[in-house]
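Trainee: Below, each chain spelled out in residue letters.
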Amino acid sequence: MKSMDVNMTPSLAALLPRSAIILELAARTKEAVIQELVKPLVADGVVTNEADFIAAILRRENLESTGIGLGVAIPHARTNAAKSITLAFGRSDSGVDFASLDGKPSHIIFLIAAPENNKREYISVLARLSSLLRREEVRIGLNRARTADEVYAVLEQHDRPK
Amino acid sequence: MERILLLVEETPGAGHVGDWAVRLCRRLSARLFALSVIPARPLLNARSPVLDAEEKAWRLLYEVEDAAFAENVPASLLLETGDPLQRLGELCRSYKIELIVVSTDSRVPALELIRRTPSPVVFVKPPKED
Numbered sequence: 001m002k003s004m005d006v007n008m009t010p011s012l013a014a015l016l017p018r019s020a021i022i023l024e025l026a027a028r029t030k031e032a033v034i035q036e037l038v039k040p041l042v043a044d045g046v047v048t049n050e051a052d053f054i055a056a057i058l059r060r061e062n063l064e065s066t067g068i069g070l071g072v073a074i075p076h077a078r079t080n081a082a083k084s085i086t087l088a089f090g091r092s093d094s095g096v097d098f099a100s101l102d103g104k105p106s107h108i109i110f111l112i113a114a115p116e117n118n119k120r121e122y123i124s125v126l127a128r129l130s131s132l133l134r135r136e137e138v139r140i141g142l143n144r145a146r147t148a149d150e151v152y153a154v155l156e157q158h159d160r161p162k
Numbered sequence: 163m164e165r166i167l168l169l170v171e172e173t174p175g176a177g178h179v180g181d182w183a184v185r186l187c188r189r190l191s192a193r194l195f196a197l198s199v200i201p202a203r204p205l206l207n208a209r210s211p212v213l214d215a216e217e218k219a220w221r222l223l224y225e226v227e228d229a230a231f232a233e234n235v236p237a238s239l240l241l242e243t244g245d246p247l248q249r250l251g252e253l254c255r256s257y258k259i260e261l262i263v264v265s266t267d268s269r270v271p272a273l274e275l276i277r278r279t280p281s282p283v284v285f286v287k288p289p290k291e292d
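Those protein sequences? They're chains A and B, same order as listed. Counting from 1, one number per residue, gives the positions in the first sequence under the working numbering. Counting from 163, one number per residue, gives the positions in the second sequence under the working numbering.
Next comes chain B alone, as it looks inside the complex:
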């Protein structure tokens, strides 16, 4: 397996899932594609300007990149706009992604994700917060 895509979202378990994906890539000598999808401009209200959403997304992506770099894992960062399921499907085909890593606390519905993306999906459960 050479190409693994991590869906990066602002969720409580994002760091754990990112680290898990980085470790998996290291073990398999795979490249990590870290993808964050932000809503299209019309869906953002006035209190959530595009720039803020983008900046947050980039911050999460660079957190993943930093972790990947520390483990010597090649990582490509992708920031996309629109419907996450649609963009995931397109990018999986474009980059020949062999596995998608998603957190169980993802905002993307699990069944829809499995149905609509062309690659296998692994769900990673973040540790419980006590």
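Bound conformation, chain A alone:
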């Protein structure tokens, strides 16, 4: 995980552990992708109850789509099963159906885990990430990244922590 300035809210790169960057997801379905992305967060101790966390994510997925279009999905949950706000990133060349409104499969998937009591930062991270991923140059950069360092480089180039 990258360092951050203590006077700022964390950069997106600072919220993304290296272990939670999966450049080629093995899973092909939405549920399996979510499970694959949650695994490293469980191993890192960010998610303390895997079953509860996945249930919270899937509850939202069953109610609405977290596919924001343009080949991007941001599954997210704010729950006591998460200790701190953390991201996981996965990429799927074949694409995964997140029921996006534009009908297109998602190739770039960022999962957000957040504790129940941190709504402000949770909304802020969701908004920053959504805004960033609407930019074509960011999506191209993430799609082309060959290593975790290149993923960090894309985020650090375009993200502006406040």
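It should be emphasised that the hints constitute simulated quantities derived from the structure, not laboratory data. Any given hint could turn out to be false.
Anything over 10 Å on all C-beta distances counts as not near chain A; from chain B, calculated [to be verified]:
hint: 1; residue: Arg165
hint: 2; residue: Asp245
hint: 3; residue: Arg255
hint: 4; residue: Pro271
hint: 5; residue: Arg278
hint: 6; residue: Pro288
Cross-link-like lysine-lysine pairs, in silico, DSS-like; alpha carbons within 27 Å at most [said to hold, decoys possible]:
hint: 7; chain 1: A; residue 1: Lys39; chain 2: A; residue 2: Lys104
hint: 8; chain 1: B; residue 1: Lys258; chain 2: A; residue 2: Lys104
hint: 9; chain 1: B; residue 1: Lys218; chain 2: B; residue 2: Lys290
hint: 10; chain 1: A; residue 1: Lys119; chain 2: A; residue 2: Lys83
hint: 11; chain 1: B; residue 1: Lys258; chain 2: B; residue 2: Lys287
hint: 12; chain 1: B; residue 1: Lys218; chain 2: B; residue 2: Lys287
hint: 13; chain 1: A; residue 1: Lys119; chain 2: B; residue 2: Lys290
hint: 14; chain 1: A; residue 1: Lys104; chain 2: B; residue 2: Lys218
hint: 15; chain 1: A; residue 1: Lys83; chain 2: A; residue 2: Lys39
hint: 16; chain 1: B; residue 1: Lys218; chain 2: A; residue 2: Lys119
Label pairs and their calculated CB-CB ranges [to be verified]:
hint: 17; chain 1: B; residue 1: Lys290; chain 2: A; residue 2: Ser94; range: 50 to 56 Å
hint: 18; chain 1: B; residue 1: Arg277; chain 2: A; residue 2: Glu50; range: 52 to 58 Å
hint: 19; chain 1: A; residue 1: Leu101; chain 2: B; residue 2: Glu233; range: 18 to 24 Å
The beta-carbon is built from N, C-alpha and C at its ideal position, and this holds for glycine as well.
Please arrange chain B on chain A, whose structure you already have, making use of the hints.
Mentor: Just chain B, lined up with the frame of chain A:
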């Protein structure tokens, strides 16, 4: 009624109007479409970069989504660029919207909104600030 669109704007009453729309959707078992429209790039000046405008808009949209999720209301978030009236009209037709919910402190002129959109409009008055 199954499809209700909320126009999400950065106004003092945004939270109240969002909650009102969520409650209405819950009562009617309707899906909520939360729409925010930001100005087209050329209309944004150098001090209001596109990314800031988008980020603010997303923040408002996710506030609505959070409230909807808490009430078990399905919500779809839409961020569009351009003229709000034009985009509203297009999206109402695309998503077969049956009702538009707007705040009385909206920046969109009320009469124009009623004239130019194909769906009925309900205006919600935010509580007065004392």
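Trainee: Please go over all the hints and tell whether each is borne out by the structure.
Mentor: Quick rundown of the hints versus the structure:
1. Arg165: Arg165 (chain B) is indeed farther than 10 Å from all Cβ atoms of chain A, at 13 Å.
2. Asp245: 19 Å, holds
3. Arg255: 15 Å, holds
4. Pro271: 28 Å, holds
5. Arg278: 23 Å, holds
6. Pro288: 20 Å, holds
7. A:Lys39 <-> A:Lys104: 26 Å, holds
8. B:Lys258 <-> A:Lys104: 20 Å, holds
9. B:Lys218 <-> B:Lys290: 24 Å, holds
10. A:Lys119 <-> A:Lys83: Since the Cα atoms of Lys119 (chain A) and Lys83 (chain A) sit roughly 13 Å apart, the hinted pair holds (cutoff 27 Å).
11. B:Lys258 <-> B:Lys287: Measuring from Cα to Cα gives roughly 25 Å; hence the hint holds.
12. B:Lys218 <-> B:Lys287: 22 Å, holds
13. A:Lys119 <-> B:Lys290: Answer holds: Lys119 (chain A) to Lys290 (chain B) is near 26 Å, not above 27 Å.
14. A:Lys104 <-> B:Lys218: Since the Cα atoms of Lys104 (chain A) and Lys218 (chain B) sit roughly 25 Å apart, the hinted pair holds (cutoff 27 Å).
15. A:Lys83 <-> A:Lys39: 15 Å, holds
16. B:Lys218 <-> A:Lys119: 16 Å, holds
17. B:Lys290 <-> A:Ser94: 50 to 56 Å: 54 Å, holds
18. B:Arg277 <-> A:Glu50: 52 to 58 Å: Holds, since Arg277 (chain B) and Glu50 (chain A) (Cβ atoms, about 53 Å apart) stay within the stated range.
19. A:Leu101 <-> B:Glu233: 18 to 24 Å: 21 Å, holds
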